[in-house]
Amino acid sequence: MNNTVISVHNLVKKFGNFTANDNLTFEVYEGEIFGFLGANGAGKTTAIRILSGLSKPTSGNVEVAGYDAYRQPEQIKRNIGYMCQKFSLYEDLTVKENITLYGGIYGMSKKKISERADDLLEKLHFEEYKNRIISDLPLGFRQKLAFSIAVLHNPKIVFLDEPTGGVDPITRRQFWEMIYETAGRRITVFVTTHYMDEAEYCDRVSIMSEGRIVALDTPAALKKQYNAESVEEVFIKIARPIPPASLKGG
Amino acid sequence: MENVIESSGIGKNFGETRALKDISFSVEESEIFGFIGPDGAGKTTLFRIITTLLLPDKGEIKVIGMDCALKFKEIRKNIGYMPGRFSLYQDLSVEENLNFYATVFGTTVTENYDLISDIYSHIEPFKKRLAGNLSGGMKQKLALSCALIHKPRLLVLDEPTTGVDAVSRSEFWEMLAKLKQHKITIIVSTPYMDEAMKCNRVALIQDGTILSIDKPQQIRDGFSRKLFMVTAGEKYRLINALRKYHNTISAYFFGDSVHVTFKNDSYDDSLYDHLTSEGVENAEIIETKAGIEDRFLELMEK
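Sequence order for the protein chains is F and C.
Numbered according to this note's numbering, the first sequence spans residues 30 to 279.
Numbered according to this note's numbering, the second sequence spans residues 1375 to 1676.
No wet-lab data here; the hints were simulated from the structure.
All values reported here derive from a predicted model rather than from experimental measurement.
Heads up, the beta-carbon is just placed ideally off N, CA and C, and yes, glycines get one too.
Label-pair distances were calculated between CB atoms; the ranges are: (1) Ser1491/C - Pro167/F: 36 to 46 Å; (2) Lys125/F - Glu1608/C: 33 to 43 Å; (3) Asp1588/C - Glu262/F: 24 to 34 Å; (4) Lys152/F - Ser1398/C: 38 to 48 Å; (5) Gln1592/C - Lys152/F: 33 to 43 Å; (6) Glu206/F - Ser1640/C: 20 to 30 Å; (7) Lys125/F - Asn1656/C: 37 to 47 Å; (8) Glu157/F - Glu1548/C: 39 to 49 Å.
Restricting the straight-line Cα-Cα distance to at most 30 Å, the calculated cross-link-like pairs of lysine-lysine (DSBU-like) are: (9) Lys1572/C - Lys1663/C; (10) Lys1600/C - Lys1663/C; (11) Lys1395/C - Lys1436/C; (12) Lys266/F - Lys1589/C; (13) Lys253/F - Lys1600/C; (14) Lys1451/C - Lys1557/C; (15) Lys115/F - Lys1572/C; (16) Lys252/F - Lys1572/C; (17) Lys1513/C - Lys266/F.
Input sequences plus hints: build the corresponding full structure.
See below:
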């Protein structure tokens, strides 16, 4: 019953002498909310770039949505959605224009885009804002819209890189309800966050440290294994990052 | 003792946007005073006013006993400011940046080294490296060292921990706690509610308005209702079921549970019946103590 949508075996990614991803092995299942945690510089972004077809592994086997990361990065890109905190929407386009643009990029028909756009605007109660320029809208609003657009084309997997950074606590929770709703539609949600309470919302979490996965399980099992009250406590116990004497990218 | 910051009725508009509305607060000497609120709440605008980089449209503000509009030169000598965006010289080395800041403020690195040694020792092995080539955590330590090198009376830190992982965040707060013994007053902003507990006092800020100012413990105690923590297998199903229950006032995700308040501050067996009918099995309900974030959510709803 657990269909695998991401399958990673012995993934290694090197930049010169530096090993950013050191022998990663894990699987992610259909409809799962998978939390991808780690300290700054642990190698999360490198791994996400490989999983989303933007970068090639140095060695190892990586399959995403049934496609091979070496040979079929373009097919991978077509079957995933991606959203990050820094850039997702075009700030000088309107809400409606952003939806149309992304729909076009994902190769959806005009009719389909228009249907999905109406649907999305209604669900978010954004109808009255559809002709507003993105840069005029509050951050929480933009993040919800960016997420909706990232799943506009019904991808198999959506990657969310710190989607709730700086967002107010109510909007953050509304955002997570959107995540649950999306996972309920059998779309896999692969999410990174620095908010450790959000780690508790995931079905399973992995914790990376210095390029390796040092823990992977359900939040409840991790808390039990490390005799901790919260995922934050687990994280502080094992994600001890970079000793001050080494140097890594953020 | 005179307050380090004294502000009354500060307002600031940018065109149509009312960034700050009637902000009044005071900060005592040697306090760690936190401004907790989301992006867009007005934290950065307020910090730019405190550091004399912006003038308010109305209201009055004194920093270290001096008026921000009249004595800005004098004030600037006495404050250290770490802006949200990394703003050191990327093409100077670690050591050059530190020396530069010391010189600008008419001092030397040796003179105040004891103040920064705890923090700077982490990056000293890389003192010849260009600041632009440091990792995020190291940039943060260098920026803090540069902000402290002239031994300011007031340290202003704008979101120093945003985008920083949980381990480094807790290390950063340990460093701040140590600065107290040097009688440095610290104001710090953050979007992380849990960091409020590390401050002596906090102001919760939202939409340019201060919702509450108090010791973190008192803010928690300000929660007006009994709070219940509900856990069950499927969290999404659980929260939806709780919201449908006729007695529910609010229901929010909190870690591995849902925090709920009820009319009359109580529930009865009909809640269990309702949850079962909504397909939620084996729900556990216990009373719990509100945290800062619970109180923030309650204040936001009003």
